[in-house]
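Colleague: Chain by chain, the residues run as shown.
Protein chains: 2
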Amino acid sequence: MRIGCIGVGKMGGGLARNLIRSGYDVVVYDIDREAVKRVLKVGGSAVHSPSEMAAMVDVLFTSLPLPKHLTDLLIDESGILDQMQPGSTVIDVSTIDPRTARLISDAASQRGLQFLACPLGKGPVQAEEGTQPIYAGGKREVFDQFESHLNKISTSVHYIGDVEQATAFKIISNLIGMTNVIVLCESLRLGEKFGIEQQFLQKLLATTGADSYQLTLRGPKILNQEYTPGFSVNLTLKDIRLGVSMANDLNQPTPFGSLAMEFFQRAQNSGLGEEDCAAVYKLFE
Amino acid sequence: MRIGCIGVGKMGGGLARNLIRSGYDVVVYDIDREAVKRVLKVGGSAVHSPSEMAAMVDVLFTSLPLPKHLTDLLIDESGILDQMQPGSTVIDVSTIDPRTARLISDAASQRGLQFLACPLGKGPVQAEEGTQPIYAGGKREVFDQFESHLNKISTSVHYIGDVEQATAFKIISNLIGMTNVIVLCESLRLGEKFGIEQQFLQKLLATTGADSYQLTLRGPKILNQEYTPGFSVNLTLKDIRLGVSMANDLNQPTPFGSLAMEFFQRAQNSGLGEEDCAAVYKLFE
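These protein sequence lines are chains A and B, in that order. First residue of the first sequence: 65, per this note's numbering; consecutive thereafter. First residue of the second sequence: 65, per this note's numbering; consecutive thereafter.
Any given hint might turn out to be false.
It does not matter which identical chain is meant; a pair holds if it fits inside one copy or across any two.
In silico lysine-lysine, DSS-like type, Cα no more than 30 Å apart, as pairs [as the list claims (entries may be wrong)]: (1) Lys346 <-> Lys302; (2) Lys74 <-> Lys186; (3) Lys105 <-> Lys346; (4) Lys203 <-> Lys186; (5) Lys186 <-> Lys285; (6) Lys105 <-> Lys257; (7) Lys216 <-> Lys257; (8) Lys216 <-> Lys346; (9) Lys267 <-> Lys101; (10) Lys203 <-> Lys105; (11) Lys267 <-> Lys216; (12) Lys74 <-> Lys132; (13) Lys203 <-> Lys267; (14) Lys267 <-> Lys186; (15) Lys203 <-> Lys257; (16) Lys132 <-> Lys257; (17) Lys267 <-> Lys346; (18) Lys346 <-> Lys101; (19) Lys186 <-> Lys132.
Since the hints were made in silico from the structure, they are not lab data.
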């Protein structure tokens with residue numbers, strides 16, 4: 065089985081390296097030549113274009129920043145689904161919205177191809193370690209066919225349902241997590257204004273009902289004013305936008321998500337786009 | 065040392081029983097006779113009015129629902145600070161705002177009395193077990209004088225600073241926690257709309273950056289639609305109001321706290337006041 069990987073940056077790169085280490089025959093492509101080199105150090109080979117890859121792989125992993133990048137690659141601009149061999153499978157690990165996932169899934173079906181939407185639960189560190197949670201969506205029989213392979217690059221593979229459920233789940237998880245980050249920033253700043261030292265404040269909050277994964281993960285960034293991402297403001301804004309938009313499609317109100325979107329937009333406008341999402345703290349200074 | 069307890073309901077009652085079990089000479093008062101009876105089963109004695117208690121105790125614990133109840137008791141309506149013996153100490157364990165705490169602290173000083181603001185970190189269960197975190201504020205020497213006594217009713221006593229810091233800290237902790245609750249409700253409902261079963265959704269979210277103390281504590285209430293408080297919508301609304309108001313005093317914006325206040329107000333208006341704060345979930349149905 066030959067595997068192709070398009071997009072081998074922070075997230076896709078870790079997956080590609082783990083596939084190679086697990087003994088698979090892996091071909092990679094990325095517009096960033098440095099990202100490709102970082103994979104080739106471990107093994108595998110590279111191609112010069114997505115089209116070149118399409119015809120030669122049984123499974124194609126994609127990891128791209130935006131839903132539009134993915135539809136351009138697979139259906140529109142490059143349209144490489146048309147060049148893939150019937151019976152082969154696309155496994156996307158990007159964070160995309162349910163509507164785009166459905167569009168790709170249907171386009172794949174029409175060409176006799178299989179599709180799984182497999183958004184990832186954590187960050188680049190876990191992708192590299194092979195401990196990245198995978199939330200898989202698509203036809204159950206396709207998942208069953210690939211479960212053992214996914215287990216080679218993840219210690220925690222979950223079958224969520226169809227592609228809509230898997231992609232919605234990932235976005236919902238980010239919607240909660242990233243909104244919790246701003247809620248935290250707002251109050252951490254308030255505590256400082258009341259003269260409570262930041263480190264002491266965070267340590268005490270962890271003993272109360274205010275405790276959260278984001279307090280543990282992003283509290284130290286705020287404390288040290290060190291905002292290397294992690295998960296950037298730009299990506300956060302993108303995901304929250306997808307969340308608010310997919311909720312709108314179902315007439316489901318997301319007042320807190322919408323307010324969070326406003327603040328991350330403001331952070332981006334203030335030049336914080338490439339900093340970690342915890343940098344929204346600066347908006348409260 | 066004789067200790068008085070005014071307000072022996074869910075929180076104050078647990079503290080009073082622990083003081084009695086620790087061997088202190090305890091006198092209690094509450095407008096709710098049943099609450100008083102639940103203390104007397106363990107020991108201690110009761111008086112018929114706060115005034116009667118004021119002159120006979122060395123330390124007065126107060127645990128009341130609203131800041132106004134406390135100022136009425138101590139300064140205005142009942143004004144029992146005037147009846148306390150010079151050198152005695154008031155220890156308030158209610159959740160009050162920094163401004164009220166300062167007012168009481170100054171009023172106590174003027175009468176030769178001591179004051180500690182000691183808001184509590186968790187719920188009635190911890191008050192009863194004696195594992196209730198205490199966040200103490202006031203003069204350091206007063207805290208030092210009472211630390212060993214506070215350790216009898218709490219396994220985790222923290223000195224925060226002056227009364228403003230301790231009371232602000234407690235409110236900030238609730239502001240984060242209770243806002244996280246609505247953020248969670250908004251997204252849990254969105255997940256259900258996408259056809260993800262609630263229990264599965266919560267279990268998976270706990271493996272992501274969406275995890276929080278509130279997911280663990282209130283997720284099951286939402287799952288089982290069982291909203292016995294816990295911490296009621298009414299009390300939540302009160303605390304968030306105090307938080308937004310104390311932030312306004314410092315010109316510090318709390319857009320998420322303000323939005324949360326709107327939703328808990330709406331929940332109260334919908335007749336959910338006596339249900340657990342997790343019942344805001346119903347606003348998204």
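Colleague: So which of the earlier hints does this model not fit?
Modeller: 3, 6, 7, 8, 9, 10 and 18
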